[in-house]
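Visitor: Protein chains in written order, with this note's numbering: chain S, 1 to 407; chain Y, 1 to 305.
To be clear, the hints were calculated from the coordinates, so they are not data collected in a lab. Be a bit skeptical, because a hint or two may be false.
With the C-beta cut set under 7 Å, the calculated list includes, among others, these residues of chain Y facing chain S [unchecked claim]:
no., residue
1, LEU19
2, ILE116
3, ARG128
A few chain S positions that, by computed beta-carbon distances, are all more than 10 Å from chain Y [claimed, not checked]:
no., residue
4, ASP174
5, GLY238
6, SER312
In this text, a Cβ means the ideal position worked out from N, Cα and C, and glycines have one as well.
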Amino acid sequence: MFHVKQRRYLGLLLLVGLLGILASGCVRQIGSRGWAGPVRENGVIIVSTHGGRIDGIDNEGQQIWRFPDLWNVGSDKVAKKLKGIYGRPVIGSYDGADVVFVGDYNGFVYAFRPSDYEAGVTVNSPPAASFKLDGSVIGGLALDTARDALYITSGNRVYALRASDLAARIDSRDAPVGAVGPAPAGEANGVLFKAGEDIWGTPVLADGKLLVSSLDGRLYALNPDTGAKIWEFDAKQGLVSSPKVAGDLVLVSGFGSTLYAVNLADGSEKWSFKASHWIWGDAAVDGDTAYIGDFDGIVHAVELSSGAEAWSLDLGHDALRASPVLANGTLVISSDADWLVGIDTATHAVVWEHDLGTKLNADLTYDDGEVLIAPRDCVTPEGGGEKVYYTKVNPLNGDLTFASGVC
Amino acid sequence: MSLISDVFNLFLITPLTNLFVLLTTLTGNAGVAVIILTLIIRAITMPLTLKQMHSTRTMMALGPRQQEIQKRYKDPKRRQQEMMKLYREAGINPLGCFSSMLIQLPILISLYRTFIIAVGEAPESLIRLSERIYGWDYLRSNLPLPADFLWLHLGRPDPFALPLIVALSTYSLQKMSTMPSTDEKQRAQASMMNLMMPLLFGWITLTLPSGLGLYYALSNIIGMVMQYAYVGGGPINWRALVGLSQEPVLPRAVEQREAQRVRYSQLGKSDEDGQEEPEDESEEAKEKPATGGKRRRRRYGRGRR
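Please put together the full structure from these sequences, using the hints given.
Guide: Written as structure tokens, this is what we have:
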């Protein structure tokens with residue numbers, strides 16, 4: 001059937017085919033896009049519009065700056081290239097100017113002043129500060145201005161750095177950055193606590209405690225000054241969501257497909273609610289009800305007092321990774337399969353929904369009557385035309401707003 | 001294209017991913033899971049591997065007869081017919097040489113997807129995993145998987161040691177599987193292939209998740225053991241294995257090839273040219289071909305009589 005020569009060609013063809021398929025597979029490798037929720041400060045929406053960058057968008061929906069593209073972050077090649085922002089940026093004020101702190105998957109935390117850049121005026125790239133941590137920043141940051149402490153999760157560690165020192169590094173690149181508390185034995189300066197596994201949830205300060213959830217299955221309550229453990233709760237399965245404080249309870253969830261309510265005072269379990277699939281987003285709380293979305297695409301309303309399910313709704317829009325938000329009686333939730341949905345919490349009915357044509361895994365943010373969103377990519381609007389980047393939605397009627405200059 | 005992709009996902013990628021997650025959960029180590037997975041896959045594909053080994057060895061033994069046919073018949077159609085007749089009588093399918101390779105191809109692609117989903121570097125890979133993981137709480141709740149094994153992160157490429165191991169094991173397996181040709185041109189081509197293929201696979205490993213490199217290296221080692229067992233053991237020429245000698249790595253394989261060559265030396269000699277084959281050779285050829293050959297000749301009803 002095949003001659004020696006033909007067989008050789010066939011072998012070569014198979015090899016080329018293998019290489020081609022593997023090469024095409026490489027292109028589709030799952031990258032670290034990040035799922036940082038947007039924030040708004042002084043009318044400027046700060047949002048990660050693409051993997052490894054963060055944009056400032058003004059009230060008119062015009063992009064006014066982009067980090068790190070327009071800043072000078074030094075000569076470190078790793079620091080210069082951001083890989084994905086997962087935690088919300090936090091903003092502090094130092095010497096009369098806002099400073100944005102943001103952590104990246106590349107293992108660096110950055111500080112920069114948006115006011116240092118003005119389009120059409122700034123000639124040279126303004127300086128930005130960077131600080132190398134031990135592992136990828138997925139969980140995010142918490143800023144305690146009273147303590148002058150910036151808490152950052154990096155790999156399985158919690159860092160506590162002097163925020164003002166990091167801000168000062170903007171102008172003096174080699175300025176030392178002090179630590180808030182003593183480092184555990186064998187750990188670098190600045191490390192406050194080390195968990196068993198990576199930390200994907202943002203640390204939260206409440207009731208004089210620093211709450212940290214970890215993939216080791218534990219929720220830790222730490223002394224924010226020393227890192228000493230006050231209590232820990234063991235869920236047995238990896239915790240992904242950030243701790244959500246609701247009155248005297250802390251809500252956490254993760255790979256165990258279970259929402260746990262833990263007493264903030266002592267870490268004892270009050271109740272648990274089992275869903276059918278993973279719950280990664282933080283719960284949205286209103287009165288006695290906590291709202292969560294799971295990876296089966298189901299929205300659950302759970303009674304805070306008992307842990308019983310009040311109602312559930314299968315959206316049928318694939319995994320719900322992002323944290324939902326409540327806005328004037330409307331629960332706004334987004335899905336991995338491109339959908340943004342508004343649900344009336346009184347009637348449990350979908351009041352509006354949009355297929356945005358891009359993944360919506362970033363946490364949603366409620367701010368001043370609007371819900372800020374951070375889609376994965378720019379999209380072509382329904383009527384056609386140039387690509388746009390959607391930035392917010394009116395929770396009452398689902399009207400979308402987009403930004404210019406982003407795509 | 002979507003149908004092919006769906007079939008691929010349903011029957012290969014998703015089951016392999018779940019099996020990998022299960023094995024990792026049971027053993028607590030993703031590297032051990034890769035080793036078990038490799039053993040399972042090699043066990044399942046063993047019949048094809050044996051068939052490939054048999055076909056390859058027979059094809060090598062048929063080399064002189066193929067050359068004779070090529071010299072003798074100028075008409076390509078007739079030459080093709082005679083070749084086919086030769087293969088039939090030897091009881092092999094020329095595609096048999098590629099059967100194992102063909103089955104390895106989709107497995108490699110599926111494993112590639114499995115590793116970037118199950119132990120992928122980015123947190124987003126777990127969202128993709130959620131779409132594939134079966135609705136068994138035991139599987140779902142023990143994630144994310146520990147991706148570290150020895151010095152490797154199985155979801156990331158290894159920049160040095162693993163590509164080297166893959167290249168060396170590919171080289172060794174090739175050296176064990178091939179035998180030096182008597183033809184100078186073919187020998188040069190084989191030497192080139194013996195060098196190019198390991199370099200190519202080593203280079204590919206640089207860009208792939210380490211889990212896949214580990215699978216490939218282990219698979220090569222199992223292939224070497226199988227090759228050794230297939231020729232019935234015997235001495236190993238270690239100098240040849242590391243490229244210091246042009247001699248065959250497995251001398252027994254050469255003995256077997258030569259014995260087979262004698263056995264097949266009269267196969268396919270056609271009587272269509274009015275040239276009757278010598279009585280004694282014909283009888284020898286009738287008696288000695290592999291069982292498969294006898295069976296096939298009977299099935300096709302086209303012996304040399």
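Visitor: Which hints from the list above does the structure break, by number from lowest to highest?
Guide: 1 and 5
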